[in-house]
Amino acid sequence: MRLSTRKLLDRSFTGLGFISIVIMTAALLFLLTPIFIRGSRAFLFRATVEHRLLMLEKFKRGNPEKIQIEVEQTQKMRRPVYDMMSQYEKEISQLSRLEKMEKKNQLRELKKYIENLLGPAPGETRPVLWRDQYGQTRWERALAHLQKVLYREKWDYSDPTKMGQKILIPRTEDFKGTSLENLFPYIENNLKKMLSPRLTFYWRFLTDKSYDAHFFGGIWPEMLGTLYLTLGAMIFAIPMGVIAAIYLTEYAKQGTVISVLRTCISTLAGVPSIVFGLFGLAFFINTIKISESKSVLAGSMTLALLILPTVIRASEEAIRAVPVTYKEAALSLGASKWHTVLTVILPAALPGILTGIVISMGRAAGETAPIIFTAAVSVGKPLKLLETFTQPTPALPWNIYNLATEHEAVDEIRHVQFGMVLTLVLMVLVLNMAAIILRARISKKLKG
Amino acid sequence: MKSFGKLIAFLCVLAFVSPALASDKIVIDGSTTVGPIAKAFAEYYMSQNPDVNVTVSESGSGNGAKSLINSACDIADMSRFMKDKEFAAAVENGVLPVAHVVAMDGLPILVHPSNPVDELTVEQVRNIYLGKIKNWKELGGPDMKIIMISRDTNSGTYETFETKVMEKEKIAEGAEYVGSNGAVRQRVQSTPAAIGYAGLGFVDDTVKALRIDGIEPTPLTVASGKYPISRPLFMFTNNYPKLGSHLHAFISLYLSPKGQEIIETIGFVPVTQY
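Protein chains in written order, with this note's numbering: chain D, 1 to 448; chain V, 1001 to 1274.
These are computed hints drawn from the structure, not numbers from a lab.
Please note: incorrect hints may appear among the correct ones.
[To be verified] Derived lysine-lysine pairs resembling DSS-like cross-links, with alpha carbons at most 30 Å apart:
| id | chain 1 | residue 1 | chain 2 | residue 2 |
| --- | --- | --- | --- | --- |
| 1 | V | K1134 | D | K384 |
| 2 | D | K162 | D | K148 |
| 3 | D | K103 | V | K1226 |
| 4 | V | K1258 | D | K60 |
| 5 | V | K1258 | D | K112 |
| 6 | D | K154 | V | K1145 |
| 7 | V | K1137 | D | K166 |
| 8 | D | K148 | V | K1258 |
| 9 | D | K111 | D | K66 |
| 10 | D | K162 | V | K1132 |
| 11 | V | K1226 | D | K100 |
| 12 | D | K162 | V | K1145 |
| 13 | V | K1145 | D | K166 |
| 14 | D | K66 | D | K76 |
| 15 | D | K76 | D | K58 |
| 16 | D | K66 | D | K209 |
| 17 | D | K154 | V | K1258 |
| 18 | D | K60 | D | K192 |
| 19 | D | K112 | V | K1226 |
| 20 | D | K209 | V | K1258 |
| 21 | V | K1134 | D | K166 |
| 22 | D | K154 | V | K1134 |
| 23 | D | K112 | D | K100 |
| 24 | D | K58 | V | K1226 |
[Unchecked claim] Across the chosen pairs, the derived CB separations fall in these ranges:
| id | chain 1 | residue 1 | chain 2 | residue 2 | range |
| --- | --- | --- | --- | --- | --- |
| 25 | D | L168 | V | D1152 | 35 to 41 Å |
| 26 | V | T1163 | D | R108 | 52 to 58 Å |
| 27 | V | E1264 | D | T207 | 32 to 38 Å |
| 28 | D | Y82 | V | P1257 | 22 to 28 Å |
| 29 | V | T1163 | D | T267 | 41 to 47 Å |
| 30 | V | Q1048 | D | N105 | 35 to 41 Å |
| 31 | D | T256 | V | T1163 | 53 to 59 Å |
| 32 | D | T207 | V | M1144 | 46 to 52 Å |
| 33 | V | M1144 | D | L31 | 32 to 38 Å |
| 34 | D | Y82 | V | E1119 | 35 to 41 Å |
| 35 | D | T172 | V | S1256 | 38 to 44 Å |
| 36 | V | A1088 | D | L429 | 47 to 53 Å |
This one's a predicted model, so the numbers in the text were calculated from it and none came from an experiment.
Note that beta-carbon positions come from the ideal geometry of N, C-alpha and C, so glycine has one too.
Pulled out of the complex, with its shape left as it was, chain V reads as follows (with noise of 0.2 Å):
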């Protein structure tokens, strides 16, 4: 007994002074999109710092306003900006957003390598989601029933696709909705009538991205602002960190020659690039 009692007190006395002798942390949360660059970012502040654990977790951008607003998280992923409701809520729990764009990213429309439609406009992707389009035959494609692949209604990625395809408009009943861009590429490479939408660092070989109004999603239309469908991508923190503590230095690596590189090489488009 008296051992046990010994133990309660040492458990007690380390729960007292273990935040003391943690080392520094950054935790990270929020969209999928910005997910890449966060965990490329984490990896490479950390090789630089030991001491720091840098955590990243990607569970969409509305998840990590929410965690913002909640303090549970030093750095939101979003792939939209904040909504007023987030940012009045945020306020009210003592919580300053300020935003970070750290890098600009197109929306390529995904289908299948198999599918023979090459491009289309606008117009006719939101016909497609309004479910006025239903078969690829309409579009000068094969006899196949159209598959809509949305992102889940808590992404960032969804909004703007939202607001800049969609205008506001709903989309048509029998979409599937799906948790992530991975999710998205997974699906549309494995269905041959599938349409989908994901972060420009997402696009590779398994699935093809259409020429929207004749323009080819890449780094350069984007940055070009060509390419119609684009967005920047944030990272929020409640105020602007304090100069030199470890989360200043990693919020600010997206500026220098080496975060720059990274965000290049994942598929991204860096903000110098316009």
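Chain D extracted, bound-state conformation (with noise of 0.2 Å):
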């Protein structure tokens, strides 16, 4: 080959690497910058004195006197848009009785949303639910259901060839003439001090457990039931995957059978997750029955499963890198082949084996389909490490899901699914950099 296609060929192959990493960075910003922005959003966001109030009435946090103070001048704020509703109220009575039904039905909805964004007026009995204990905790909230207290949304359907048109009506026109029509002008303008927003640092989303189906409280059982299950199928998945490791390079005798049940391995390796969520279900729930639900158990024992083809191949790789002449030099010193195995062969082929169980272990945190059926539920408490036996989890990864589709109200609680995706994020990664340092030490101590 000519020196200068050589050279030319040499320049492309590195730009195309410089390229694709490129690209692999600016996918990682693409998808990692959101998550960390809005997940963060979870953590450090602009709390209402409604946010303190629940604080200190649920959870028994806070200044109790500071807050009393806040609430009062708070109420104090609101108290005009109490009176003219119930102003408007005396005014629409004298009104003919159709009249007075229509209006009190717009009094009813005007109601609804006032409540939504304020928390129940007082006066009234306490609900049941803690979504409408409260008025809106989150300043960005508040603000979004202030404009359906502003505005009627319409549809103007009078093209009849095309889709409706959103128009936005003014409330004020509604009532315009009547005493409610500073009401809308009043609350616009009064907002603020009407829920005195606080840039607030909620670092206890981590460990409170959720309240009212995620609407309120923190993450903490998906957290530690993600930890749980991550865990769990490390036990499970590691002394089976390399003593697997183990037997297939040292003791098998190579050979046809053990060629078919390599593929086997690395055929495993690529069934898809919800098959092993199925077989997991039918398996250890339905025919061994080795707990009464769905538990933690089960569900480890299924991703343990799922990773173990990963963490085979991979200590099968590191125990091969290991030089011929290690394991010569110690059977030639009169080491039985176990010994040899254990205390030359694994130390040296550890740093490889760390890297298989790293990669797993990420794989296993954030797996969803196996759990579905083995382990996750939307609500549970956290569980306690003896409960783990019995009982099922939510569970990080499929709490996500679950409150991306499955959930009542998504939009109210979009904050919530960020910061659990973010947790989980996070939480991949400390378990990653964990593994990461301890095979640093343990290479740096083989070779030193």
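With the hints as a guide, bring the two chains together.
Written out as structure tokens, the structure reads:
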């Protein structure tokens, strides 16, 4: 080959490598930036007085006197809203029955939206569900609800050949000339004073359990569940995987049977994860009844099966990469085979084995399908260690999916969903970091 | 090595005594329609009884039934009644399903709010899903191809739709099947030409519930039986739960005023409202 052609090829290869790295970084940034920005809003947000009141009443957190004063101040600002409404109620009681009906319906709708924004009116009986007991706890949600108070949505269907157009009708127009006319500018101008939003760092999002179907509280049960499932999967998969790998490389007679077995293991790595999930349900729960219901135990065993091929293959490669001279030296000194494997080969192969474990750990933490039928639930308490043998748990990957599709009020709790995504990404990162540091230490020790 | 042996012995002991030490639990599985009720009940019950762990999963009525048949759950949420086959399988496994009707539900037909069509008859809805009506133009709407959204066949909502609207005829090919009520709503609210159906508690401002045969789907019209597509929502237990047990207290929650209030605020119809 001519020198210039070789140079050209060389350069174009370097260029290709550079481009692919740039594209990968861009994709990663594109993916991670929104996760970080939107996820951080679960922790850092402008909390209204309702948030502080909830924290005080339900969790006994915060300074009672201070919050009491704040509540009184905001109540004072809200007073005119309720006054205007009761004034209006008096006004319409004079009207004829038919008119009264219509006005009452209008007022009822308005009241509903104001209740969503500010919480139940003073003097009303306390609702059962937390979501109805308080107004908006987050400022950005409060602004969204303010829109609903200020504007009535209407759809214009006048052109039959087209889809309708959304028009927003200011509610002031509906109540023109009545005592409610001033209500809307009042709410719009004074909402800040009625809710007194303040930037709050809610770190307890990680350590609180969720309340009222994830409307309030944090994600502790989910985090703990993911941790249990991942570690459980590791406890089952690592010994089995490493022992299998040792057997396959050191003890087994290399022949057709073993190579068929190897192909099977590789194939197992390609089986879709939902198949593992269904197998886990059919085998662990329905057949051998490892636990009465779904449980962390059944889930982590299913996850262990899922990552087993990766662990075996990685360990096998690592063991095979240990120079034969190590083994020969040990055997020549009179060490038994078992002793050689345990004291010479395994330590030398450990960094490689750990790499396999790191990769599979991240996978186990993030897998959804295997735990749907074996371990995951949408609502549940944080489990104690002993309860993991018998009880199911919420887990981050499943609950992210659940909140995104099945939850009855998806738009109200987007922040929880993003907070979960961020936490899951960070958890995998931390687990991997820990394993990488461990590996570096072991490598260093071996060299030193 | 010695410590490793000790660890194993410790784990064995742990596994052996753990069921005795673990706290009480109620495991609920099943319908995504009944899900919101079960979740709210679970939170409420746990706030009253902090030592009980109530877990809820929403995997569809069919899976709930299977779970109960295999004794893998204490309560199966179902938005339809058990089928003969399921009943037989349960009895064969020594499980006697007892039905508790916790609430009533209508099945609103949902379209995008920009859709000018306000009202359909059951007949028309059936023809849409049979593929006989393909365009909104035929129903007085704009010239747009109708996109059918349906629940998956594992769901009780699907079964209700199949019996009450389709009259056991097959839904036309080309319908999109999604896995939960929430997913139906999301699909409809983001697709102007879509039509779908979901539980009463899932209707909000982002979708439009059509009048069917001139009746608007509201808790009132469902309770009075005027709305043509309605159904009871069930919770199934294995046998009637032992009196005084947590399971009994939980399954009776829907009869209490608090339970009825929860059902009402979530958007379903309490059984006392006839």
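Does K1134 of chain V pair with K166 of chain D here, judged by a C-alpha cut-off of 30 Å?
At roughly 25 Å apart (the allowed maximum being 30 Å), K166 of chain D and K1134 of chain V satisfy the hint.
Does the alpha-carbon distance linking K66 of chain D and K76 of chain D stay inside the 30 Å limit?
15 Å, holds
K112 of chain D paired with K1226 of chain V [C-alpha distance capped at 30 Å]
Measuring from Cα to Cα gives roughly 26 Å; hence the hint holds.
Does the structure keep K162 of chain D and K148 of chain D at a Cα separation of 30 Å or less?
25 Å, holds
Okay, T1163 of chain V versus T267 of chain D on CB: inside 41 to 47 Å?
43 Å, holds
Cβ separation of Y82 of chain D and P1257 of chain V, checked against the hinted range 22 to 28 Å:
This hint holds: roughly 26 Å between Cβ atoms.
K1226 of chain V and K100 of chain D: Cα distance at most 30 Å?
26 Å, holds
Taking 47 to 53 Å as the stated bounds, is the beta-carbon spacing between A1088 of chain V and L429 of chain D within them?
For L429 of chain D against A1088 of chain V, whose Cβ atoms are near 51 Å apart, the range 47 to 53 Å holds.
Falls inside 35 to 41 Å, the C-beta gap from Q1048 of chain V to N105 of chain D?
Holds: the Cβ-Cβ distance is about 36 Å, inside 35 to 41 Å.
Does the structure keep K162 of chain D and K1132 of chain V at a Cα separation of 30 Å or less?
22 Å, holds
When you check the alpha-carbon spacing of K154 of chain D and K1145 of chain V, does it fall within 30 Å?
The hint holds at about 24 Å.
Restraint check for K1137 of chain V with K166 of chain D, where alpha carbons must lie at most 30 Å apart:
20 Å, holds
The structure fails to meet hints 1, 17, 24 and 26 from the earlier list, while all remaining hints are met.
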